[in-house]
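Please build the complex by placing chains U, L and Z with the ligands on the supplied structure of chain G, with the hints as guidance.
Chains as they are written, first to last, in the numbering used here: chain G, 1 to 158; chain U, 1 to 158; chain L, 1 to 463; chain Z, 1 to 463.
Since the hints were made in silico from the structure, they are not lab data.
As the structure is a computational prediction, the values presented were derived from the model and not from experiment.
Each pair of labels, with its calculated beta carbon distance range:
1) Z/Leu270 x L/Phe267: 48 to 58 Å
2) L/Thr376 x Z/Lys451: 51 to 61 Å
3) Z/Val47 x L/Ala184: 41 to 51 Å
4) U/Lys115 x L/Val168: 33 to 43 Å
5) L/Asp365 x Z/Ala72: 53 to 63 Å
6) L/Ala85 x U/Ala120: 36 to 46 Å
Which residues of chain G face chain U? A partial, calculated answer using Cβ under 7 Å:
7) Ala63
8) Thr66
9) Leu70
10) Glu77
All residues carry an ideal CB built from backbone N, CA and C; glycine is no exception.
The residues making up each chain are set out below.
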Amino acid sequence: MQFPRLVSLVAFASLVVLVCGIVAAIEPATDGGEAEPSADAASLQQNTDAKHSTSNRREVLVASLTIFVLAVFVGFEVIAKVPTTLHTPLMSGSNAISGITVVGALIAASEHWEKLPSMAFTAGLGVIAIVLAMINVVGGFLVTHRMLAMFQRKKKSP
Amino acid sequence: MQFPRLVSLVAFASLVVLVCGIVAAIEPATDGGEAEPSADAASLQQNTDAKHSTSNRREVLVASLTIFVLAVFVGFEVIAKVPTTLHTPLMSGSNAISGITVVGALIAASEHWEKLPSMAFTAGLGVIAIVLAMINVVGGFLVTHRMLAMFQRKKKSP
Amino acid sequence: MNLDTVIKVVYILAAALFIFGLKGMAHPRTAVRGNLLGAAGMLIAIVTTLLIVWQEGGRFELVIVGLIVGSALGAVLALRIQMSAMPQMVGLLNGFGGGASVLVAGGELILGREGSADVLVATAVSGIIGAVTFWGSLVAVGKLQELQWFKKPYSLPAQQLINAALAVLLLLLTIGMVWSGLGATSILLYVLIAVVASVLGVFLTNSIGGADMPVVIALLNSYSGLAAAATGFVIDNNVLIISGSLVGASGVILTNLMCKAMNRSLFNVLFGVMQAGTIANADEIYATVRSSSADDVAMILDGAQRVVFVPGYGMAVAQAQHAVRDLGKLLEMRGTTVEYAIHPVAGRMPGHMNVLLAEADVDYDKLKEMDHINPTMETVDVAIVIGANDVVNPMARTDPKCPIAGMPIIDVDKARTVIVIKRSLSPGFAGIPNPLFAAPNTLMFYGDGQKAILDIVAAMKDT
Amino acid sequence: MNLDTVIKVVYILAAALFIFGLKGMAHPRTAVRGNLLGAAGMLIAIVTTLLIVWQEGGRFELVIVGLIVGSALGAVLALRIQMSAMPQMVGLLNGFGGGASVLVAGGELILGREGSADVLVATAVSGIIGAVTFWGSLVAVGKLQELQWFKKPYSLPAQQLINAALAVLLLLLTIGMVWSGLGATSILLYVLIAVVASVLGVFLTNSIGGADMPVVIALLNSYSGLAAAATGFVIDNNVLIISGSLVGASGVILTNLMCKAMNRSLFNVLFGVMQAGTIANADEIYATVRSSSADDVAMILDGAQRVVFVPGYGMAVAQAQHAVRDLGKLLEMRGTTVEYAIHPVAGRMPGHMNVLLAEADVDYDKLKEMDHINPTMETVDVAIVIGANDVVNPMARTDPKCPIAGMPIIDVDKARTVIVIKRSLSPGFAGIPNPLFAAPNTLMFYGDGQKAILDIVAAMKDT
Ligand SMILES: NC(=O)c1ccc[n+]([C@@H]2O[C@H](COP(=O)([O-])OP(=O)(O)OC[C@H]3O[C@@H](n4cnc5c(N)ncnc54)[C@H](OP(=O)(O)O)[C@@H]3O)[C@@H](O)[C@H]2O)c1
Ligand SMILES: NC(=O)c1ccc[n+]([C@@H]2O[C@H](COP(=O)([O-])OP(=O)(O)OC[C@H]3O[C@@H](n4cnc5c(N)ncnc54)[C@H](OP(=O)(O)O)[C@@H]3O)[C@@H](O)[C@H]2O)c1
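Looking at chain G on its own, in the form it has when it is part of the complex (with noise of 0.2 Å):
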């Protein structure tokens, strides 16, 4: 960790401000977004939802910002310790970890492609993500245990 500190505390500092912008730009966005045409008969309920919604999107975004800001620790302080030796299994260990867009891509294939086109384009989306994703996760770990086998085979043999 030899990033100089006052550097990034000044991005840090800029990133903040940025999302603050974005926070603030939210309540707008989601009237425009869900001014879909209301029906008449539920127009009380439409509006307590459309309020909730709001203040509920926002709470998730914060919290959302802040398990990033932490995981982002967690990640620069746990990768910190790894040894130059490890540093290839690392690259392609913490990309099968990235493979977990999957989870993503899961909930797009499952849709009910009969139903809508839209879902119809959302699961097709879906499943080439899947293999995408799976060629990540399953190549990933599997090419890094290969790799680390090979670390620890030689360690019991003298």
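Relative to the frame of chain G, chains U, L and Z with the ligands by itself:
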């Protein structure tokens, strides 16, 4: 970080199970807790509110838990690097940080005590809490600074 | 409303500053800045909260009174306290942190804004941990101050059983609180929880011997963090959760480290009764003790090539660190190599000796850790043990039945000559005699630590 | 509904397993278990997601097809790939990860569940980073495979300007997306974003020289993580955010490390054109090169006390690691001390040489880091440079104008005798001549790495 990994994993898994239990318990509890005499007129909205509140509550809890877990990781990684020499300042410094409860105390003490007895009570507790927490904060950071300044002074002298 | 969320994002910044601050603690060079970053984080958090209060139209009178009184008390405490009393200071601060958590969680419960199961559980947990921390810390501070009241571990008959019963009671009260939801019942239950937890805190700490207080303090440090985190769950505030977890982790690491350095399990520290039964007769052991004078010591030091100081709790009591530094400088001017061997649990808290010696301007390159100095102990001409006892007691190596059995010690007995400076032959905190004092290569020099060292300095300058 | 949240808690467990897994990577002893923990975390995450899908009554046909095809392809790739082709493999996997992010974010946009500003921004970011990663990785792989197409950095005139224009265009498209909210317009804009980002990815990578591909791969590794994190914001899934950030951090650390080892800034790597202008005339430099035969080398090795192998990219190309190990063993049997000096950027990715030598069963205690071996280089009798070039080029020390100026190198020129095994005098990836080859204490031994070493072994066994 020499804790036996298996032990911590098991502890962690049981924590997860525990938490799942609590989460599962939220729904009835909320219903119970919020079962105030509901004006019949606004019953639709009431229902919607309750539903939103429950699911919102859960989201918040899950996010908070995630944050907790990540922060524990960060804590262990960062603190494990502090050398023995600095353990006393570390104790007082981290102590000061735990005075962050002052944030909650500030909010409690700002209640309008003239309005309701419950608010007055909370404000009273809040102001004591502020005093305690601020002793913790100011005392902690200041004494840590005093100690650390000693370490630094010495560094320059030779 | 908009401002509200922006403010929450700023909280993340505060939390990040805490983390950067703790990262700074990794090196004495960066530690001061680290501490300042942490303080900056706290300032941001407080100002942000005040903004929220202002925006929501809260009242400021009490807030301002609280802030001023608290800050003033804190500042006075921090500036007045002596370095040797640091363990008590930390203990006190822990207690205050815990107390604040109890009150904040209680206040939130009274307002009754959110009554879901998780919040009620978190409230109860805040109350329990906070109260245990508060009262436990006060008792621990009392013991560290060696107040008469707390002088020795005092247990009721069947203490463990009573403690277990209280714990079960707390569990039941918590369940009751969750079950009854918001309202007067749960407030009453909360008060009960706080009371029972207070009793438990006193009981738990009171039955632990004074020598183990530092471990207790570290553990309570961890608790005060966890209490803050639990309060964070109560008022749904992430910065509390994050900071609390950081402190919790810190306390756990330090506790673990101390237990390891004493070769005891945490369980043993908390619940184990130190048996003083099988201890050999002190008079017998001390039959061959030889004492000496400042002049003797000065003479011995005169010819020494390599001198190692081994400070312990007595140096803190006698405030002898400056005198030790002077003696060290004097020796160095005469061409002697001077080092300081620091045992991980010397004194009353981890790093205690380091702070004292830093106060006296001793270069921290000269402070050697136990594992570093033990292998070369044979080549040490004179080891000066100043106010240390347990951490140089060879019985830890030889007598598997004694209370400190297996604790790694600084092997001063392997040095050519050992000079032990203390006021009497009375034991250290573990309460056992020390065969080192009667070893053929040991000379006792009785007296208050500071005075003894100054005498030696004077004697050396005379010759 | 209840199950849903419980499941989310289980996701936290998966994320924690990833972290434990990466922590395991801190030591070769624990790394295998670490990797398995990571895989277990992934399994938990996938199974949990399938549970969600099942509970919400989703269709499983496509899911199952996707899982099977993807896993099979991944497994085949992982089992077939040669250790020396690891950089390409990692590059390819990066690309796939990025591609998946583009598709998932796109799919979510089409469904149009959530259209708040932050989600739209996150969607655009997923699309941009994902597409850049995908196409950038493919180009990088092509370059690493030394495919004819990508053979040399190819830039349009005013490439930097075009890239900047594309970046601005992306920014505008993103703003447009946020502004137009959910709906057909934003889907169209998203497609445009993906296309423009793809073009940008190709341009950015294509204008970077092949020697810098490893840095690019590490950077893209980081990007693939960030893309996953952005997707996490889109579908509001914390496990994606956490894992993505972990990978992002990993990539940044590795990138930083490589740049440092080459003494160049990241900016210079990404946008700097390597000037080949001021290079001294190769023929002139190589006037005094002496070549040798296997028998010569065997004779020199015969009397050596301490031999150091310095492997480089050529060892990977020639698959000479097993032969090197045999030669090492043979020398050790004769009482010679054998070590391997590993430069941090030898080969085509960090740790490349370590993996190859591990494959050949070389004890990792014998692999020495550059900083560790350089100070004692004078006492090395024979340094055998096998397929390394840039990392042993003394011009980095002497010529402040050459492209690798200031890059720390392994100082083989200070060894008593240097034997360089390569096929010709052609330059390494930096494209500059190497005065080492013409040094008075250097002997060239031309030939394919593996064959050369085997010849030496044969020659040594003969004598
Ligand atoms: N540091 C930690 O973190 C920590 C944590 C947990 C437990 N502990 C325990 O604390 C103990 C620390 O060992 P230690 O060797 O440092 O201290 P110690 O064993 O408690 O002995 C201190 C000695 O200093 C002498 N002393 C007291 N006042 C003095 C004065 N004014 N001038 C000169 N000598 C004086 C006392 O003898 P006289 O009365 O004869 O002068 C006493 O024997 C260990 O038992 C350890 O397990 C420490
Ligand atoms: N590792 C990383 O992470 C990383 C990252 C960024 C950049 N790089 C760059 O990559 C380069 C690595 O340096 P390096 O010294 O390892 O490699 P290099 O400078 O690329 O040189 C490799 C040499 O191996 C020889 N060779 C190729 N095939 C061979 C074979 N079959 N048998 C024998 N010799 C063979 C080649 O010479 P012939 O053609 O004459 O045989 C070539 O000169 C540096 O420029 C570094 O900056 C590496």
